[in-house]
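These protein sequence lines are chains A and B, in that order. Residues 1 to 380 (our numbering) are what the first sequence spells out, left to right. Residues 1 to 380 (our numbering) are what the second sequence spells out, left to right.
Mixed in with the good hints there might be a few duds.
Given that identical chains are not distinguished, each listed pair holds provided it fits within a single copy or across any two copies.
Derived BS3-like pairs: lysine-lysine, alpha-carbon spacing no greater than 30 Å straight-line [said to hold, decoys possible]: (1) Lys45 / Lys24; (2) Lys3 / Lys24; (3) Lys106 / Lys214; (4) Lys231 / Lys330.
Just so you know, the hints here were simulated from the structure itself, not pulled from any lab data.
2 protein chains.
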Amino acid sequence: MKKDYIFTPGPTPVPLEVGLAQVKMVHHRSPDFGEMLGRVLEGLKYVFQTENEVLMFASSGTGAMEGAVANCFSPGDTVVVFSGGKFGERFAEISRAYRLNVIEIKYEWGETADPALLEKTVEENPDIKGVMLTHSETSTGVVNDVEVFGRIVSETGAVFIVDAISSLGAVEFRTDDWKIDVAVSGSQKALMTPPGIAFAAVSEKAWNMIADSKSPNYYFDFNATRKSQSKNPPQTPYTPAITVIQALEKAIEMIKDEGLDRILERHRRLALASQAAVEALGLNFVAHDRSNAFVTTSIWSPDGINSGDIVKLMRNKFGVFIAGGQGKLKGEIFRLGHVGFFDEFDIVVQVSALEMALSELGYDFKAGSGVSAALRVLSG
Amino acid sequence: MKKDYIFTPGPTPVPLEVGLAQVKMVHHRSPDFGEMLGRVLEGLKYVFQTENEVLMFASSGTGAMEGAVANCFSPGDTVVVFSGGKFGERFAEISRAYRLNVIEIKYEWGETADPALLEKTVEENPDIKGVMLTHSETSTGVVNDVEVFGRIVSETGAVFIVDAISSLGAVEFRTDDWKIDVAVSGSQKALMTPPGIAFAAVSEKAWNMIADSKSPNYYFDFNATRKSQSKNPPQTPYTPAITVIQALEKAIEMIKDEGLDRILERHRRLALASQAAVEALGLNFVAHDRSNAFVTTSIWSPDGINSGDIVKLMRNKFGVFIAGGQGKLKGEIFRLGHVGFFDEFDIVVQVSALEMALSELGYDFKAGSGVSAALRVLSG
Chain A
1 MKKDYIFTPG PTPVPLEVGL AQVKMVHHRS PDFGEMLGRV LEGLKYVFQT
51 ENEVLMFASS GTGAMEGAVA NCFSPGDTVV VFSGGKFGER FAEISRAYRL
101 NVIEIKYEWG ETADPALLEK TVEENPDIKG VMLTHSETST GVVNDVEVFG
151 RIVSETGAVF IVDAISSLGA VEFRTDDWKI DVAVSGSQKA LMTPPGIAFA
201 AVSEKAWNMI ADSKSPNYYF DFNATRKSQS KNPPQTPYTP AITVIQALEK
251 AIEMIKDEGL DRILERHRRL ALASQAAVEA LGLNFVAHDR SNAFVTTSIW
301 SPDGINSGDI VKLMRNKFGV FIAGGQGKLK GEIFRLGHVG FFDEFDIVVQ
351 VSALEMALSE LGYDFKAGSG VSAALRVLSG
Chain B
1 MKKDYIFTPG PTPVPLEVGL AQVKMVHHRS PDFGEMLGRV LEGLKYVFQT
51 ENEVLMFASS GTGAMEGAVA NCFSPGDTVV VFSGGKFGER FAEISRAYRL
101 NVIEIKYEWG ETADPALLEK TVEENPDIKG VMLTHSETST GVVNDVEVFG
151 RIVSETGAVF IVDAISSLGA VEFRTDDWKI DVAVSGSQKA LMTPPGIAFA
201 AVSEKAWNMI ADSKSPNYYF DFNATRKSQS KNPPQTPYTP AITVIQALEK
251 AIEMIKDEGL DRILERHRRL ALASQAAVEA LGLNFVAHDR SNAFVTTSIW
301 SPDGINSGDI VKLMRNKFGV FIAGGQGKLK GEIFRLGHVG FFDEFDIVVQ
351 VSALEMALSE LGYDFKAGSG VSAALRVLSG
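Just chain A, same shape as in the assembly (with noise of 0.2 Å):
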C-alpha cells in the first residue's frame, strides 16, 4: 500500500470539495452558469486585490502569457523582459515568437531580478512599450520585488506584465497597489484548482494600448472575454472549462472563508518550517535572497546526488511527488511545495520523505534532523 503526496508547486494538492465539484455538468449557456461565473470573476478580483477586469480563459498560465503579449503589443514595439528562469525565458520567448524588439535583461538563475537595471533601460530607451517580469520564478524559488518594478514602470508610457502564476494567493500580491497593467495567473497553484484556467487582470493603461494593438489573436481576443464577461449575467466568447469553473467557485469559497491574510500567514510559515529543515540537513539554497522566497522552496542537490534520484526515490518507493529542476537546473535542483492546499502535517511527511531518500541515497546527516528543525517552527 502506497498513499500518493502531491507537493508539487503546481498542479497543487486539491481539496476533496474542489476535485467533487467537478462532477455535476451544466451547460455553459445557462443562467446557473453565468451568475456562478459572475461569482468567481468576482472571487478573482479579492485575490488578485484589483478593480481591473479579470479576464478567464480555458487554457493553461502560459496562454494568459501569450494573450497579454498578443494584445497589448504590435511587431517591432520594444519591451523589456527580465529573465532569471524558465517562466522568465518563456516572456522573451514568446515576445519574440511576436517579432518584438525584445531587450531581454538574464540575471543569473537564484538571484532577484534589479529594479535598477530597468531605470537604466527605460532611461536608456525612452520608446519602451512593456515591461515584464516574473512574480515568483517557480523555477528557482525567486520572488521578485514586483512593487519596485512598478512604481518605475508606472513613471513611463509602457505597460507592466507580470507572471503571477505561480505568486498569486501564495504571498503578497496587490495588482492595484503596484501599478500592474496585466497580471496574469492560473488555476493550478496557490488556488488549489484543476490546471485548465488561466486569468488576466487587465488595467485602463493597458486596455489603451489594447485597442492600438496589431499583432494577430483571436482565442485570447482580450476585447472578446471583456465583451462576453460584460454581459448580465457573465458569458465566455467560447466553450469555457466548466467543470475547473466549477471546482474554482469552490476553491475561492474555501480562500475567502480562511481569509487571504490567514493564508498568506500560514504559507510564509510552511515555507520557513521547510527552509529551517532545509537548513539542519546541510543543505543550500537556489535562491540568493529567501525573505520572500515562500512559494517554493529550491534547493541544490548535495554533491554526487542527481536531483532527479532523489525525486524519483521519493515519488516511487514513498509515494510523494516534489519538483525536481526545469531548464538548465535539471539534475541540479528539487524543490518542494508548500502553497495552496498544504498544512504542516504535509511539511513533515515532506521532509520526512527526503530524508529517507537522502539517506538511502548516502547523503551524510543527522536522521530527524531536518523534521526535527521544521517542527520547531511549526510548534513556535
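Let chain A serve as the given structure and place chain B on it in line with the hints.
The following block gives chain B in isolation, referenced to the frame of chain A:
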C-alpha cells in the same frame, strides 16, 4: 423537485464515471500521467480514424481552429473558407485576424456546402494555400460532404482544414480516407467529456506547410506540442488540463467498448427518431438535406413563437436544456441534441418536454404525436 437534463449539442451529457474520473488529481510530470496521455492519444487516433499524430491542447475547440490557421499559413496567403453558419464564419474571422487573403464562399444557413464551387475556385486561384470547411455546422444542423471536398483539395497544393468539433464520433468521420490535413475537434461533444481540451490531427502535407509558416504563435505551436508528445511517455509543453484528460480517458474506454460503428448507428437512430417527432409535430427543419444531418436536429420555431421562449420554458419549467439559435438564427430556431451519452429515453424525454412547452405556448398539434412518432422509429 426538478431534475436537470442537458440535451444541448455541446457540452453534451457526461456519464457519471467520466465525471468522477476528474476527482483525483495526479501530477502531469509523473510516469502514470504520461502513460495515460499515451493511451488517450492512441484512443483519439481510433476516433479520428487516422494514422496522423493527434495533438492535444488545453483549450476549447476554437483554440485548435486558431492553431490550424496560425501554424499553416503566413500573412497574405490565400485561403478558401466555406461559411454557412456561425462556425464557418469563425474560420473566416480567424483567417482575417491572421491577415490571410480570405475567399469566403458564403452559402445559405441551412444549405449544404457545394463542392462545385470549390472546384471552380481552385481552378480560378491556383495559388490557394488552404481550404476550410465545417463538417457539422452546429448552428444549422447541416453536415457537409467532407469526403468530396477532400478529394478536390488533395489534387492541389492546398491543405484541407476541417472543423470536426461536433461531428467527431457523432457521424462517420475518416481523417485519412477523406484526405483531411488538419482535423480539429474538442472533448465536449460526441466524446461526452467536459469541455477544456481540443485536438488537431495533422497530416504530412500539413507539417510541410507548417515548416514554412511565418504567422506568430506560441501556446498553439503545433511543432512544440508534437515534440513534447513524441517523448516516451508523451508529455505536453505546458500544464495540461489534467482532470479533463482523465475524464476523456474514461470516455474513450467507453467508446472503444461500444465500438465506433455501433455508436454511429445509435446516433443515426436517435436522430431519425427526433426527425420523425419533428415531422409529426408539423415543424420544419433548418437543414435542407437531412440524409446525414444526424448531429443536431435544428428546427424552425412555429410562426409567432420566439424560439427562445421554447428553450426557456423547457429549461425553467421542466429542467430540460436544449439549445436555441445562434448568430442570425437567434430567436428563430431551436436545436435538439442526440450525440454522445444519449439513449432512446433521452429522446422520449426531450420530445415530451418539447410537446409540453409547445402546448403551453399555444402551438396547435395533437398531444403525444411527436413522442409516438419517435417511439415508432425507436421500436423499429
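Comparing the hints with the structure gives:
In this assembly of identical chains, the alpha carbons of Lys45 and Lys24 lie at most 30 Å apart whether taken from the same copy (26 Å) or from different copies (28 Å). Taking identical chains as interchangeable, the C-alpha atoms of Lys3 and Lys24 lie at most 30 Å apart whether they share a chain (27 Å) or sit on different chains (12 Å). For the identical chains of this complex, Lys106 and Lys214 are neighbours both inside a copy (28 Å) and across copies (27 Å), given an alpha-carbon limit of 30 Å. Taking identical chains as interchangeable, the C-alpha atoms of Lys231 and Lys330 lie at most 30 Å apart only when they sit on different chains, with a minimum of 17 Å there against 46 Å within one chain.
Checked against the numbered hints listed earlier, the structure breaks none of them; every hint is satisfied.
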